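**Student:** Taken in sequence, the protein lines are chains F and X. The opening residue of the first sequence carries number 0 in numbering that gives the first Met the number 0; numbering runs sequentially from there. The opening residue of the second sequence carries number 0 in numbering that gives the first Met the number 0; numbering runs sequentially from there.
Don't take each hint at face value.
[Claimed, not checked] DSBU-like, lysine-lysine: derived pairs with alpha carbons at most 35 Å apart:
id	chain 1	residue 1	chain 2	residue 2
1	F	170	X	51
2	X	52	F	208
3	X	52	F	201
4	X	52	F	170
5	F	201	X	237
6	F	141	X	52
7	X	51	F	141
8	F	97	X	237
I should point out that these hints are in silico values taken from the structure, not numbers from a laboratory. From a predicted model like this one, the values you see are computed outputs, not experimental measurements.
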Amino acid sequence: MGAEKIDDIQIEMMALRMRKRILDMSLRCEGPTHLGGGLSLVEIMAVLYGSVMNFQIENPRWADRDRCILSKGHGVLGLYTALAEVGFIEEEDFQSFKQNDSHLISHPVMNLDLGIESSNGSLGQGLSMAVGLAWAARRNSKNHSIYVVMGDGECNEGSVWEAAMSASQLKLGNIVSVIDHNGLQSDGSTEEIISTSQLSDKWRSFGWKVHEVDGHEISALRSVLAMRSDTQPTCVVARTIKGKGIDFMEDNNEWHHNRLTQTMYERAVLSLTGSN
Amino acid sequence: MLELTATTSKQWSRIGSRGMYGQAILDLAGSCPELVVLSADLGNSSGLDRFKKSYPDQFINVGIAEQNLIGVAAGIAKEGFTVFASSFAPFIAMRASEQVRMNMGYMNLNVKAVGIGSGLVMGFLGNSHFGIEDVAVMRAIPNMTVVCPADCGEIVKVVQAAAEYDGPMYIRLTGGPNCPIVYTDNYEFEIGRAIELKVGSEVAVIANGSMVAPSIAAADLLTQHGVSVGVFNFHTVKPLDEQMLTSISKAYGLIVTVEEHSIIGGLGSAVAEFVSALDKPNRVVRLGHPDYFGKTGEYEFLLQRYGLTADGIVDSVLTEINK
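The whole structure should be built from the sequences, with the hints applied where relevant.
**Tutor:** Given below as structure tokens:
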């Protein structure tokens, strides 16, 4: 129990460093980044990479590794910073974010050596690939899990539900989808665009086991993300705050995709850490 | 293993392109334990009934969900399996176009997408089911290989070659039951290498899919008109056999392309794009489906309407050389 508490704190520290790095990356690239949706999934990614997932940094193609697909590809700031924390992405590569010809751009580009499992950016496609990966794992008698991190707005895409139906039909208990439920999408709130008020019921009705959780609560995330059943896919609906951790970005959709100036950066760091 | 002979070519022709795809897949399963076959609720229409019964653990019907079909196929392929996924041509090439682009193109994953019933063979089912733009869409996507076999024997060759080939591929099946026969004996097939079927000196007819057989017949008829015609099977639209095309350009005057596809974006466009950049470009005439949605009817009626028969090709060639 004590060790778990220490681990939770370590993951909280990891999340804090990830947020700071997100700000650094956004400032350094001198252009707009998807800050809001990157910040909202920091704890989710920190728990996945810091605690739940099995992988080997020295052997990134390890057949038994857990796979994580960032289906909401614009959330890369949350992915790259987690991969940097655990050692997949080294500092030199990390500095190249949004530089010409970089591996690291505004959406993930498949690169197994860097721990990036798939190319994304076009919403609604990651879950289908996950169904294929999960089917193949079972066929190969492998026990690893497939995690798919999705957006609540992304669930507007019909292809999400095609994949959701097939995951339960194929009894793929080795899939865990995580919905970053921050309640905002590009043009406004999910409530005014396509309501997500019944999101959990929708996933349940598609045959999934659903857990609702505070998406910024480390211990709660750790327990639900480690759960999976034998024959039923799991969906974790994680309630989050877009722009989490930076007071003037929280729940403010102006930060869906925006440029961080030096002045704003300083304000953001102050908000995050209480000091410059 | 299926072997092409005079006898089997007749049997396979009767089965038709879709049924033959299923037979070729069933045959492949014996030598390819990593084979996984997917369908979007058109398994029976793809001739896969026997495969499904014989290898239930290697067959997935994802339901009427072509976008998911390609994504799931890509996930399985990513783990090292040999994956074939089929549906009607427009549903793969257009309904799932972006999944093809992301998974097969961008991520270069080793999926063989099979568009059945392409061209006009769906007849009275209408334009909703026709495949007249699929080559245009597929060949514009980087990393894609696009193959359109000439007859049922070549379908067997393509399926076998596709299983050996590591990379994404679109296999386009044209023609119905009682497909015209092009090949009655075993021959060497290689993806990306066109085949000279008939040597001539004046007009080169470049065709693929269902249009190869009528092109050969047209060449024979044109001989009676005193026109010397060469015929080439460009089964692979991408990568285009540029070496063969360069030789054709030097040896012939007029080039005529024939395909059961829109005149925009298919084999004819691919040939014209390449030939137009040569030092001495030939005149290229593209025969195919005109750029409109026409009224529909029986398959043979439609082929005649659009001049995609031996007589139609003869008329077009005579008109063009007399211009």
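**Student:** Evaluate each hint against the coordinates.
**Tutor:** A quick look at each hint next to the structure:
Annotation: proposed proximity of residue 170 of chain F to residue 51 of chain X holds, straight-line Cα distance about 19 Å (limit 35 Å). As the CA atoms of residue 52 of chain X and residue 208 of chain F are separated by approximately 31 Å, the hinted pair is consistent with the 35 Å bound. Between residue 52 of chain X and residue 201 of chain F, the direct Cα distance comes to roughly 34 Å. Compliance with the 35 Å bound is thereby established for this hinted pair. A hinted pair counts as satisfied when its Cα atoms are at most 35 Å apart, and residue 52 of chain X with residue 170 of chain F qualifies at roughly 20 Å.
The straight-line distance between the Cα atoms of residue 201 of chain F and residue 237 of chain X is roughly 43 Å, outside the 35 Å bound, and the hint therefore fails. With a CA separation close to 25 Å, the supplied pair residue 141 of chain F and residue 52 of chain X stays within the 35 Å bound. Taking the CA atoms of residue 51 of chain X and residue 141 of chain F, the gap is about 24 Å. The hint holds against a cut of 35 Å. At most 35 Å may separate the alpha-carbon atoms for a hinted pair to count; residue 97 of chain F and residue 237 of chain X meet this at roughly 33 Å.
Consistency with the previously given hints fails for number 5 only.
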